[in-house]
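Here's the letter readout for the chains.
Protein chains: 2
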Amino acid sequence: MAILEVPPSNSWKIPGFRFATCASGIKTNNRTDLLLVAMEPETTVAGVFTQNQVVAAPVTLCRARLSQGQARALIVNSGNANVANGPQGEQAALALTQAVAQQLAIPEETVFIASTGVIGEYFPVDRPLAALPKLNQNLSDQHDWLEAAQAIMTTDAFPKMALARCDVDGQPVHVLGIAKGAGMIHPNMATMLSFVFTDAALSPESLQHHLVRAVDRSFNRAIVDGDTSTNDTVLVFASGRGGVQIHPSHPTAMETFATALESVCGQLARAIVTDGEGATKFVTIAVTGAANHADARTVASTVAKSPLVKTAFAGSDPNWGRILAAVGYAGVPLQVDHIDIFLDQVQIVAGGVRAPNYQEAQGAAVMAQKEINVRINLGSGPGKETVWTCDLTHGYISINADYRS
Amino acid sequence: MAILEVPPSNSWKIPGFRFATCASGIKTNNRTDLLLVAMEPETTVAGVFTQNQVVAAPVTLCRARLSQGQARALIVNSGNANVANGPQGEQAALALTQAVAQQLAIPEETVFIASTGVIGEYFPVDRPLAALPKLNQNLSDQHDWLEAAQAIMTTDAFPKMALARCDVDGQPVHVLGIAKGAGMIHPNMATMLSFVFTDAALSPESLQHHLVRAVDRSFNRAIVDGDTSTNDTVLVFASGRGGVQIHPSHPTAMETFATALESVCGQLARAIVTDGEGATKFVTIAVTGAANHADARTVASTVAKSPLVKTAFAGSDPNWGRILAAVGYAGVPLQVDHIDIFLDQVQIVAGGVRAPNYQEAQGAAVMAQKEINVRINLGSGPGKETVWTCDLTHGYISINADYRS
Numbered sequence: 001m002a003i004l005e006v007p008p009s010n011s012w013k014i015p016g017f018r019f020a021t022c023a024s025g026i027k028t029n030n031r032t033d034l035l036l037v038a039m040e041p042e043t044t045v046a047g048v049f050t051q052n053q054v055v056a057a058p059v060t061l062c063r064a065r066l067s068q069g070q071a072r073a074l075i076v077n078s079g080n081a082n083v084a085n086g087p088q089g090e091q092a093a094l095a096l097t098q099a100v101a102q103q104l105a106i107p108e109e110t111v112f113i114a115s116t117g118v119i120g121e122y123f124p125v126d127r128p129l130a131a132l133p134k135l136n137q138n139l140s141d142q143h144d145w146l147e148a149a150q151a152i153m154t155t156d157a158f159p160k161m162a163l164a165r166c167d168v169d170g171q172p173v174h175v176l177g178i179a180k181g182a183g184m185i186h187p188n189m190a191t192m193l194s195f196v197f198t199d200a201a202l203s204p205e206s207l208q209h210h211l212v213r214a215v216d217r218s219f220n221r222a223i224v225d226g227d228t229s230t231n232d233t234v235l236v237f238a239s240g241r242g243g244v245q246i247h248p249s250h251p252t253a254m255e256t257f258a259t260a261l262e263s264v265c266g267q268l269a270r271a272i273v274t275d276g277e278g279a280t281k282f283v284t285i286a287v288t289g290a291a292n293h294a295d296a297r298t299v300a301s302t303v304a305k306s307p308l309v310k311t312a313f314a315g316s317d318p319n320w321g322r323i324l325a326a327v328g329y330a331g332v333p334l335q336v337d338h339i340d341i342f343l344d345q346v347q348i349v350a351g352g353v354r355a356p357n358y359q360e361a362q363g364a365a366v367m368a369q370k371e372i373n374v375r376i377n378l379g380s381g382p383g384k385e386t387v388w389t390c391d392l393t394h395g396y397i398s399i400n401a402d403y404r405s
Numbered sequence: 001m002a003i004l005e006v007p008p009s010n011s012w013k014i015p016g017f018r019f020a021t022c023a024s025g026i027k028t029n030n031r032t033d034l035l036l037v038a039m040e041p042e043t044t045v046a047g048v049f050t051q052n053q054v055v056a057a058p059v060t061l062c063r064a065r066l067s068q069g070q071a072r073a074l075i076v077n078s079g080n081a082n083v084a085n086g087p088q089g090e091q092a093a094l095a096l097t098q099a100v101a102q103q104l105a106i107p108e109e110t111v112f113i114a115s116t117g118v119i120g121e122y123f124p125v126d127r128p129l130a131a132l133p134k135l136n137q138n139l140s141d142q143h144d145w146l147e148a149a150q151a152i153m154t155t156d157a158f159p160k161m162a163l164a165r166c167d168v169d170g171q172p173v174h175v176l177g178i179a180k181g182a183g184m185i186h187p188n189m190a191t192m193l194s195f196v197f198t199d200a201a202l203s204p205e206s207l208q209h210h211l212v213r214a215v216d217r218s219f220n221r222a223i224v225d226g227d228t229s230t231n232d233t234v235l236v237f238a239s240g241r242g243g244v245q246i247h248p249s250h251p252t253a254m255e256t257f258a259t260a261l262e263s264v265c266g267q268l269a270r271a272i273v274t275d276g277e278g279a280t281k282f283v284t285i286a287v288t289g290a291a292n293h294a295d296a297r298t299v300a301s302t303v304a305k306s307p308l309v310k311t312a313f314a315g316s317d318p319n320w321g322r323i324l325a326a327v328g329y330a331g332v333p334l335q336v337d338h339i340d341i342f343l344d345q346v347q348i349v350a351g352g353v354r355a356p357n358y359q360e361a362q363g364a365a366v367m368a369q370k371e372i373n374v375r376i377n378l379g380s381g382p383g384k385e386t387v388w389t390c391d392l393t394h395g396y397i398s399i400n401a402d403y404r405s
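Chains Z and H, in that order, give the protein sequences. Using the numbering used here, read the first sequence as starting at 1 and increasing by one per residue. Using the numbering used here, read the second sequence as starting at 1 and increasing by one per residue.
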């Protein structure tokens, strides 16, 4: 079950997928803002979407199309989220997928779509529509996937991509993912889009099963600011062109594929947190000893979302009382005198109070690091969960107070 | 039932209360950090405290003493919160109240105590203990209440005080309050301390009844950063020395007093939000049309806590889609196509989508104001709630990344 996490390279290829990108004019300054991926017949698809009740038109469309399980194309734009535009926005999304279907001569319901960018501005659908013929001509399996990752960026400081390779019965399987997201990041899910491509063959049901598990262990652990977007989308496409079948009757193959998919999703999720708007530090919050998993997740995400904890990380300030205070208001039943908290190997809280041997210089040394591990043991049960977050800095304010300027 | 909200003045007097302040050395740079208030016999007391499960030693002590309903003294320090210090912290709080009781020759259980400041550092109890004899000598009803409000400040930019005067059967009743708090501000409750003094006479039970209602309509509506402190305390003391009895058998008097108390608490809560760490704008979020009051409060506080909404206010950016997105992830059942949203008089969302006549210049004009009213009508029922919040700025980061430096 060895998984090889492959460093980014322009030689990445995933059999069964061709793509092209362009600057269609949705974004200013001639930045790439459109990605078209074309897929071979019998490609299967699975998807997970935002839990926000206000959703973008593309999310509604993808949800409806997922049931038939087949995908032949994906069209993604950055620069405009096409949300809260009412019937006009729904028609724009529909028109764009119809045009893709016509260009590629494929069934309309096999075209998937995603949008990211400003919320509530009219979606200028004429621009991507006008760009489609040329995009179609440029489709190729020879492009660098970096271009695809760049085309879906908004406030991202860097493109995000990951590749895992595993072997099933001696045959190679590839899983390649791209993602965008830097703010509005919160479980269930982030303002994030991620698209994963594999050359394995899986039924839509198997693919959905693996995706739900992988998302729960990756993107749902990434917290930047606690805002949940209207557009969050993770889609996974399986072309089967690598020749390996992943079938429930072959548990080892299933487990190997699951691990590879989780590896790719985890790499992308950690990249999103690293690129958290204004972030300078990567922080892992690991909670153990909770009554159950849900309580562990609540405590971990409450600490990860606390502005006071996040600014303490930004200031390299071992003001650890803020961590204990956030645990205290998480809203889950606690036995306060059972709580232990560690910053890396330094124990700061023992039995709910300041650890007797704690020296502030020890805490300060950990807080000055670029990567910080916070371990919180609630001492009350078997529940555990880990989340990833970043610090809250002046950079976050600058990016979000001026995002549209 | 006319309530007179009296502008701050150094001539405020509340019969039955004497106080003194000093710099005991808990804070650096010789800043005042200790307040002692002495009260006449038969003064009654009521209190409301943090809902954080990790609580400061003074909160535990006050809760236990509230049951007997009588108060003769209040001792408050700023600069150290005395939380998570274990038995040592509890003994320090107890020792301080014992020393106050001894100095004033009053029963120990009538001494109330509150602390605010850094969490998790040992409480240097020797310093306030050493200051007590001189504080006792300086007790006077001639001091300016501004001094009391200043003595309890931490990161506050300005002292907070409010006075309301009302008449019951032609007799004047005074309610005077002081408060501190600027960050870690969230309902149930803020890092805030507030102490209210009245010359009316009320039973402890009546006083508690009025306080719970007033806090729910004032401090519990104030949101700065969503962090809930370990030390939040609101205490109200009634000396009865103004000669007016507020008794449940006299409903008009009860209602008049309730209104005056709510007025004072509301003024203090709004002052706390205005002084929100780094805040440059005061924002009122009014939700109507929710299925019930709890849903309205959840939606209002989700919007008020959203870092993306708060940075949009900071940037005077009419990026109103962030408001709709926050409503969408609040977690209450919504009929999205019933939602209307207004910025002051400008309708930005109608029936869940961008209002047809909305022009961005209109939104920009409202967002540039120092005071902004956001009205959200969910169109689904009678539930409503209003909360107050502020913008999220570079100032917040500077204050909290460097708080202890």
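In short, the hints are calculated from the structure, not lab data. Treat the hints loosely; a few may be bogus.
Just so you know, same-sequence chains aren't split out, so a pair can sit in one copy or run between any two.
Claimed, not checked - Calculated pairs, DMTMM-like style, for lysine to aspartate or glutamate (alpha carbon to alpha carbon, straight line, at most 20 Å): (1) 13 / 40; (2) 384 / 216; (3) 370 / 344; (4) 27 / 340; (5) 13 / 340; (6) 13 / 147; (7) 384 / 141; (8) 13 / 121; (9) 384 / 344; (10) 27 / 147; (11) 27 / 317; (12) 370 / 337; (13) 370 / 255; (14) 13 / 216; (15) 384 / 108; (16) 27 / 360.
Outcome of the hint check:
Within a single copy, residue 13 and residue 40 get their C-alpha atoms as close as 15 Å, which meets the 20 Å cut-off; across copies the closest is 83 Å, which misses it. For a Cα distance limit of 20 Å, the shortest separation of residue 384 from residue 216 inside one copy, 14 Å, qualifies, whereas the shortest one across copies, 35 Å, does not. Taking the shortest Cα distances, residue 370 and residue 344 sit within 20 Å of each other inside one copy (12 Å), while across copies they are farther apart (43 Å). In this assembly of identical chains, the alpha carbons of residue 27 and residue 340 never lie at most 20 Å apart, being 49 Å within a copy and 29 Å across copies at closest.
Proximity of residue 13 and residue 340 under a CA criterion of 20 Å is satisfied in neither setting, with 47 Å inside one chain copy and 48 Å between copies. Taking the shortest Cα distances, residue 13 and residue 147 sit within 20 Å of each other inside one copy (13 Å), while across copies they are farther apart (72 Å). Taking the shortest alpha-carbon separations for residue 384 and residue 141, neither the intra-copy value of 42 Å nor the inter-copy value of 56 Å comes in at or below 20 Å. Within a single copy, residue 13 and residue 121 get their C-alpha atoms no closer than 36 Å, and across copies no closer than 56 Å, so neither meets the 20 Å cut-off.
For the homomeric pair residue 384 and residue 344, the shortest alpha-carbon distance inside one copy (17 Å) is at most 20 Å, but the shortest distance between copies (45 Å) is not. For the identical chains of this complex, residue 27 and residue 147 are intra-copy neighbours only, at 16 Å inside a copy versus 56 Å across copies, given an alpha-carbon limit of 20 Å. For a Cα distance limit of 20 Å, the shortest separation of residue 27 from residue 317 across copies, 18 Å, qualifies, whereas the shortest one inside one copy, 39 Å, does not. For a Cα distance limit of 20 Å, the shortest separation of residue 370 from residue 337 qualifies neither inside one copy, at 31 Å, nor across copies, at 45 Å.
With identical chains, the CA atoms of residue 370 and residue 255 are never at most 20 Å apart, being 33 Å at best within one copy and 57 Å at best between copies. In this homomeric assembly, residue 13 and residue 216 never come within 20 Å of each other (Cα to Cα): the closest approach is 27 Å inside a single copy and 60 Å across copies. For the homomeric pair residue 384 and residue 108, neither the shortest alpha-carbon distance inside one copy (44 Å) nor that between copies (44 Å) is at most 20 Å. In this assembly of identical chains, residue 27 and residue 360 lie within 20 Å of each other by CA distance solely across copies; the values are 19 Å between and 48 Å within a copy.
Consistency with the previously given hints fails for numbers 4, 5, 7, 8, 12, 13, 14 and 15, ordered from lowest to highest.
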